[in-house]
Each structure stands twice: as structure tokens, then as C-alpha cells.
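*Asks:* Listed below, chain by chain, are the residues.
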Amino acid sequence: MRFTFKTSYEQDIALAKHGGHRLWYGLLIAALLIAPLLLPEYWLAQLSFVLIYSIVGLGLMLLAGFTGQVSIGHAAFMGVGAYAQAYLTNHGIPFFVALAIGMTLSAAVGVIVGAPALRVKGIYLGIATLSFGFIVEEVFARWEDVTGGNAGLSVKPPEIFGLTLDTDSSFYYLCLGLCVIVTLGVLNLLRAPTGRAFVAIRDSEISAQSMGINLARYKGLAFAISAAVAGIAGALYAHKMRFISPDQFSLIQSIDLLLLVVVGGLGFVHGAFLGAIFLITLPQLIALGKDYLPDAIGGAAGLQAVIYGIVLVAFVLFEPLGLYGRWLKIRTWFQMFPFYRKGMFKRQKSFTKSDRLK
Amino acid sequence: MSDVTLKNDAPLLSARDLQVRFGGVLAVNQVSFDVKRGEIFTLIGPNGAGKTTVFNLISRFYVPTAGTLEFDGVLLNKVSPYRVAELGIARTFQNIELFEYATVLQNLLIGGHVHRKTGFLADLFHTPKVRQAEVDAREEAEKVIEFLDLQPYRDTLVAGLPYGIRKVVELARALCTRPKLLLLDEPSSGLNVEETDGMAFWIQDIKNELGITVLMVEHDMSLVSKVSDRVLAMNQGETLALGSPREVQSDPRVIEAYLGSAEDMSFLRRPEPFVRKGS
Amino acid sequence: MQVLQLLVSGIAQGCIYGLIALGFVLIYKATETVSFVQGDLMMLGAFIGLVVMTMLGFPFWLAIVSSMLAMGIFGLFIERLVIRPILGQPQFTVVMLTIGVAYIIRGLITMIPVIGSETNSLPVPYKDQVIAAGGLLLSLEHLVIIAATAVLCAVLYAVFRFTTVGIAMQASSQNQLAAYYMGIPVQKLNGLVWALSAAVAAVAGLLLAPITFVHVNMGFIGLKAFPAAVVGGFGSLPGAIVGGLIIGIVESLSGFYLPTGFKDIAPYIVVLLMLWFKPNGLFGEKLRKKV
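Protein chains in written order, with this note's numbering: chain A, 1 to 358; chain B, 1001 to 1279; chain C, 2001 to 2291.
In case anyone wonders, no lab produced these hints; they're calculated from the structure. Here a beta-carbon is modelled for each residue, glycine too, at the ideal position from N, C-alpha and C. Take these hints with a grain of salt, some might be off.
In silico DSS-like pairs for lysine-lysine, Cα to Cα no more than 30 Å straight-line [to be verified]:
id	chain 1	residue 1	chain 2	residue 2
1	C	Lys-2263	A	Lys-121
2	C	Lys-2029	C	Lys-2278
3	B	Lys-1036	B	Lys-1143
4	A	Lys-121	C	Lys-2127
5	C	Lys-2263	B	Lys-1078
6	B	Lys-1036	A	Lys-6
7	B	Lys-1226	A	Lys-6
8	B	Lys-1143	A	Lys-17
9	A	Lys-17	B	Lys-1078
10	C	Lys-2278	A	Lys-121
11	A	Lys-6	B	Lys-1129
12	A	Lys-156	A	Lys-121
Here's a subset of chain A near chain C, in silico, CB distances under 10 Å, partners left out [said to hold, decoys possible]:
id	residue
13	Ala-64
14	Ala-115
15	Thr-332
Residues from chain A that keep clear of chain B, each with C-beta distances beyond 10 Å, as calculated [unchecked claim]:
id	residue
16	His-21
17	Tyr-25
18	Gln-46
19	Thr-104
20	Leu-163
21	Leu-189
22	Arg-191
23	Ile-213
24	Ser-245
25	Ile-280
26	Pro-294
If we strip away everything but chain A, and leave its shape as in the complex, we get (with noise of 0.2 Å):
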């Protein structure tokens, strides 16, 4: 590991930890400025989704990976994200101030599905977030005097201060801003005393409370705010398809931001982009290497399936990291060469720790 010398605290505290932090980081910044200059129309439009699914990521690897709540229903939230500002906006609310709504809309709805979280943990949570996520989607579909049911909403391209912001590097900007606010967001309550006290929860409850921190406070505080940030990439969802239904708020869906999370990097806040990446990226990939492939495979329907799937199980069997572990294994091998170990990011293999005693 590289070794970081600390000389103050503040050091210690801020984001960006030594020079080379400073320096790579600003390269990715800069990069992303001028990418609307670089970069054809196609594949800028695809980078404002990785921002877009960057931002959800977020909100979900703040709950699952750093508070260690379950919630296989994280899909709705976009979904009441998106609702609110379709329906919000085709009336004339101002961008801003139907954002803001739908924020505070998601977090609600946040709160009310991680209620059971104070009662069950684990499995159970997981099976009520998944109840949640097919009520939520129900409502979706019924409630046709707002979302118009199964018949879908359109939605009017963004417009902030009088300007429409209807061309693709416009757009890209709106989500470009709004990643990087989410992101320094998320960072900031993780080196703080909130942050710290969902970390406490996830690794043991019991002392957590012995530490003074009240579970269902922050339990509920971890769901608000991980449903607000889905709030708003819904929201950008939302305005970028300019059309919704309610079958995009699936537990298909659900699923894939899962995968999101768990390929890229359960734990570790740049696994969220690097787990939008692979989100995005592989359809793509899928689709240049069924040229390559016997007709009877590449062209069949089930494809998509099987290579998700298999993706997700060789993650979880081999790199349970995700990318970002990867990358840092990967890393530590070179700055350590050649004293990289094997072992050294082994996980203690125990006697599974019984989750009904935990």
C-alpha cells in the first residue's frame, strides 16, 4: 500500500489525500469538462447515463454498502423521482423547485419503505424492500390521473432559467453538475460523524447503540437520503427518455442497480461509477461480440440473461471487491512490486456468522 505520510489533521480530513490524488483527479474533471467537444453525439448521450446510473449507484452503495441495509426495491425511488418531475414539470413548476419536490417526495417514501428496517434486518429487510418496490410499481400503474398508468408519461426536456436545455452537451452539463454535487455530498457525510455512525451500523449494531448512535434515526436518515439522491437521477431519468412507464421502475431494474453496486465495488464510493460503467458499457459489449458468436447463440433473445448472470456469479465467486477491488489489488501490486503478497487482501475465511445472531 502506498504509504501516505499524515503531517496535520486537516490532511487527514480532506478529500484529496497527497499530490497524486490532486493531480489525477483534476485530470478526470478536466476531461469531462471538454468531453461534449471530444466525443460524438452517441457516446456523450451514453456518458450522461453512466452519470445518471453514477448518481443512483450512490444513493444505493451509501445504503447497502456503507449502512448494510438490504433493498432489492431501489428502483421505485427513481421511480417517484421521475413521476414527480415529469408531472411537476409538464405543469409548469420551475426545474430546480421540481427537483426539490421530488427530493423530498423520494425521501418520504425512503423513510416509509425503511421503516421495517428498525424491526428486521437481513433477509427480511430485503424481502420488504422488494414488497415495496412491486407496491410502489402498482401504484405506478394505477394512479392514471397523475402517471398516466400503464400508457406512459412524456416529459418536456429540462428548462432552467428560461433555457431549454434540449441538445445533448447541455444535458450533459445539467447531469455532469448535478453527479459532482452528489458525489462531493456522499463524501463529505462519509468523513463525518453521520457517515461514521451508518459505517458503525453496518459492521455491528449492538455497539453501535453503545456508542450512543440511535439506530432508527439513522437508519431512516440512511434511506431518505439514499432515496432522495435515486430521487433525482429518476428525475434526470426522466427528462433524458423524455417518456416513462412504469415497467422501467421494475424489479428488473432493481436488480440491475444491484448488480451495479456489487460489480463495481460493494463498500467503495467510486464502485457506484465504476459499477455505472459496467451498466452501461456491457450491452454494448454484448451486442459487438454477437458478431463473433455461432448465429444460434448470438442471436438469441436469452443472451442478455445468461451473460448478466455469469457476470454476476464470477463476481461473486472470485473478485467479491468488485472492479474497484480489483483496481486496487492491481494497484497495490504495482507499488509494492515486488513484495506484493498473495494473501494480502484475503478475507478471513470463518464459520459463517450466523445472520439471525448478529
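Guided by the hints, dock chains B and C onto chain A, whose structure is given.
*Replies:* Then chains B and C, alone, in the frame of chain A:
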């Protein structure tokens, strides 16, 4: 760190007729004791005596079926578990309950949670107040790190640490709550002789330098004799004897509880060995 | 009259949910793993039955036996290859793993020419037959489901109560480490548990086939089995069946008496109510950590 002991005569913690029933079993039965400010009070007793149950009652993980617990003038009967730290009680756990995937420093910072000065909105925007509070929190944590010699492990993930160090980290984390009363659950279990000696010195320093009252559960009798001011012996949920370490350890009822009486052992005695005459 | 009719179909549907929930609970009791792949195992079992009946001309009873056997072996295979390596990992990861396996199974089935992408009919001997009893028109398909479930439960009960293997499974589910010390081959038993769950799922698939037809998305019904397991209490085998029956009946009645759309989410509302008021289910265990 907490104030140096006010020479207040009222006991810091007082238990009266505590009773806890699990199904048909009385895990704790009519237990009463007082812990004076600034003393080191130890609970001893064979396994299953109810010592950790008493701790869990104080931490409010269990609710007593009868009896009262009073801490520093506050009745604990209606307090939620997470408010116990606010009141000034910290504890360590028999089977270590650290935050495995966080560094030692982060564990200690979480220990200081009750003293945080900012709410989640301020945290979100990383206001200057948050920044200052973070620096202060780290300074406080550093004092504890120095006290317990944890400097080499500051940025190590707890999951990779050896057992002996983890026990010290648990102690450090409890100290970061800046408690008035520290509950130590078997601080020497799993430690070798040198580590136990080190623990004894630290417990004495906690009392003398930091002025924290200590309530301890312990099996290692030499540690008990070395540091305790008073000892309470328990067996099967009931109190047996209360007094100085020497008094309690020589009390016949206590000895019987640990070792059993002569009659209990008779059925194990072998028949007389056959001895040949003249050899 | 109408109510009785609804009850019967609700009970029949509930039996299916109960069988799948039984599979979950078996696996959960043995290894504390939650398997999201039960529904798709059911679908696979139905497809196997379809293939052997339509292409190999097997009679129905033989199709059941061969499907159960094939799925049993498949269950062993999944356990060995995919589940065993990740023992010790947090529950969430294992759940994701089973979701991945479910995707693979669904995808592969879709790729099978012709039958994979269509809705197929299973030629069971009692198809579309009804019995008139006391003014009611009862579908034989429903009755067969109920009867078969009852028989299966009785057999499983006997196995767990009276055979060495069954008792060993119970022991290993309560305390793995102790079971190892007693010489019980825990890992082999885990494989057996998966095999058993898969076989039970196969039966559920074959019983369900006449009603829903055999198609690749049959497995989504398996999601409704989760509410069944929760209602019954995740660690209880009889609870799984009872939970299934309750969910089936609730669904059937709400389909008739409540506005459209409620039928699909009724089970989930029941789950939420259950988790709020009685988190451990009707027969579940209440355990807390000893610190």
C-alpha cells in the same frame, strides 16, 4: 476526559433488587449493589452466574422484570439503549464487537459520537464548523491512542489486527466516549500473562489518572486482587458475598460455588488402590 | 358458493407457493442461505417434464420421477459448484449469487429452439377435467395439487422424523459446528438439502404447469413464495406451507373482492403487515445475539 472524582458520597451506580427472567429461568435474582465514585468494583462468579446479564441490564439491552437501576441520579428503567452512552456509561464486550471494516482511528472517532457537534446537514456541506469539530475529535482520539500505545495501528483496518490489540482498541473506543462509568467485560480473557499485566496497569491508570469509575467482570483472580477496591461474588443469578478481594475470595460460600463442596466430589473418588502387604 | 370455489383455487395456488417456500426454508435452515433461484428451478423442472413427455413420450408419472431426479442432481451440482465456495460470505452476496444463477437458467432456457420462447402446454392426464361435488365445480388440476402437496409433506415429515438422514439434517441446521464434531458430513448434507429443494421445486413446476402453462417466465411466481416463507416464519417447515396457503387464499379472495391490481400486490401487503406486527412470522424462531 471526565472530571476528576468529586468526593461525592452518593454512589455512582446503584442496583436494587434486580431481577430478570428468561422464560422460566431467573438469570438475575434480587441483585443489589452500589458502585462508589472513583472505585474499581469487580463482579466475579462461575460461568452462568449472571454477571454479563447485569452488564446487559445496565446497557439496556435487557429489560429487568423487577428492580431498579439508578445511575448518577437518573433512573435507568425507561432509558433507550442508545442513550446510555450519553449519560456517561461506556462498555467493552466479552466477544469483541469492533467495527471490523473501519480503521482503528475511525473506531475511536465513532466512540466519540456522543460528543459530536454537528448534525447531518452541516456534515453534508462540510461547513467550517464540521472541519473544526473533526480536528478536535482527532485530537481527543489521539490522547486515548497515546494513553494506550496504539500509535502503530492508527490507520490499520481492525479486521487485520491480532486479538490482543483488538482488546486494547475496544478499551480505547470505550474511553473515547469520555464516560463516568466504564463497564469492562472480562478484559483479560484471551490475553497472555504480559498482556494481562499491561491491562492491570491501564485499569489502574484509568482510575487514578482519568478518574473514571470501573465496573468489571473478571475471572482472572490475580488481576482481580491487584486492581479491585471491592468485589461482589455471584452464583446462579444471586449475590453471594461483598467485600474486599481477600475477604470475598476466602469466603467459604464463594469457594463452594467455584469448586463445589467435598460431598459433590465424593462420587468421583476412586476406590482404594490395592496395596500388597509388605511392599 | 363462490367463496368456496375461490377458497379451493386459493388453497391450490397456495400449495404451490408453499412448496416453493418449503424449498427456501429447507435451504435456509440448513445453511442460512436465501435462494432466489427456487422459482426458476421450478420452471426448469416443468420444462424437463415437458421435454420428456412430448419428445420422449414418457407417461406422466415417469415424467415426474425423471424430472425430480434430474433436478435433484442439478441441485447437487449448483450447491457444489456455486454455493460451497462462498460459505462464510455475508448473506447479501449469496443472494446476489443466486439471482445470477437464476438469470443464467432463464437465459439458457430462452435459447432453446422453439419451446424456449413459447408458451407450451403440458399434456397431463387430468387436464381440463372437473369434478362436480355438492354444487361446486372443482377443477381436477387444483385437487391434484392439493393432494400431491399433502402427500409430499407427509413424506418429508416422515423423513425428517424417522430417518437418520433427516435427523442429521435437523442437527446440522441447528448447529453446524457441533454436527461436524459428531461426525455428520455437513457438506454432503448441504448438497442433499439443495437436491431435495430442487426436487420439490420440480414437483411444484409440474403441478403448476396445467394452470399456467410451461414458459420461461413461470419462475416469477416464485417471488410470491417469499411472502409465504415470511408469513410462516423463515425457519419453520410447516410454517412455509401454512404461509403459502394463507397467501394463496388472500390472493384469491382479493382478486374477486378488491379492485383490479390489488390481487398482484395483496401478498406483499400481507408481508409488510406481518413484518411490522410479528416479524418472526407465525411459527418463526426468536433469536437474539448474546453479547
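*Asks:* Can the restraint linking Lys-2278 of chain C and Lys-121 of chain A be considered satisfied, given a maximum Cα separation of 30 Å?
*Replies:* Satisfied, since the Cα-Cα distance of roughly 14 Å is no more than 30 Å.
*Asks:* Taking C-beta pairs only, is Gln-46 of chain A more than 10 Å away from all of chain B?
*Replies:* For Gln-46 of chain A, whose nearest Cβ neighbour in chain B is about 30 Å away, the distance exceeds 10 Å, so it holds.
*Asks:* Taking the shortest Cβ-to-Cβ distance between Thr-104 of chain A and chain B, state whether it exceeds 10 Å.
*Replies:* 14 Å, holds
*Asks:* Verify the proposed pairing of Lys-1143 of chain B with Lys-17 of chain A, using a straight-line Cα cut of 30 Å.
*Replies:* Answer holds: Lys-1143 of chain B to Lys-17 of chain A is near 23 Å, not above 30 Å.
*Asks:* Are Lys-1036 of chain B and Lys-1143 of chain B close enough, with their CA atoms no more than 30 Å apart?
*Replies:* Within the cut-off at roughly 26 Å; holds.
*Asks:* Would the hint linking Lys-156 of chain A and Lys-121 of chain A be met if the CA-CA limit is 30 Å?
*Replies:* Roughly 41 Å between the alpha carbons, so the hint for Lys-156 of chain A and Lys-121 of chain A is violated.
*Asks:* Any Cβ of chain B at or closer than 10 Å to Ile-213 of chain A, or is the non-interface label fine?
*Replies:* Ile-213 of chain A not clear of chain B: closest Cβ-Cβ about 6 Å, inside 10 Å.
*Asks:* Is the Cβ of Arg-191 of chain A farther than 10 Å from every Cβ of chain B?
*Replies:* Arg-191 of chain A not clear of chain B: closest Cβ-Cβ about 7 Å, inside 10 Å.
*Asks:* At a threshold of 10 Å, is the proposed contact between Thr-332 of chain A and chain C supported by beta-carbon distances?
*Replies:* 22 Å, violated
*Asks:* Is it true that the CA of Lys-17 of chain A sits at most 30 Å from the CA of Lys-1078 of chain B?
*Replies:* 45 Å, violated
*Asks:* Under 10 Å is the threshold here; is the Cβ of Ala-115 of chain A close enough to any Cβ of chain C for the hint to stand?
*Replies:* 8 Å, holds
*Asks:* Mind checking the alpha carbons of Lys-1036 of chain B and Lys-6 of chain A for me, to see if they're no more than 30 Å apart?
*Replies:* 43 Å, violated
Violated hints, listed in ascending order, are 4, 5, 6, 7, 9, 12, 15, 21, 22, 23; each of the other numbered hints is respected by the structure.
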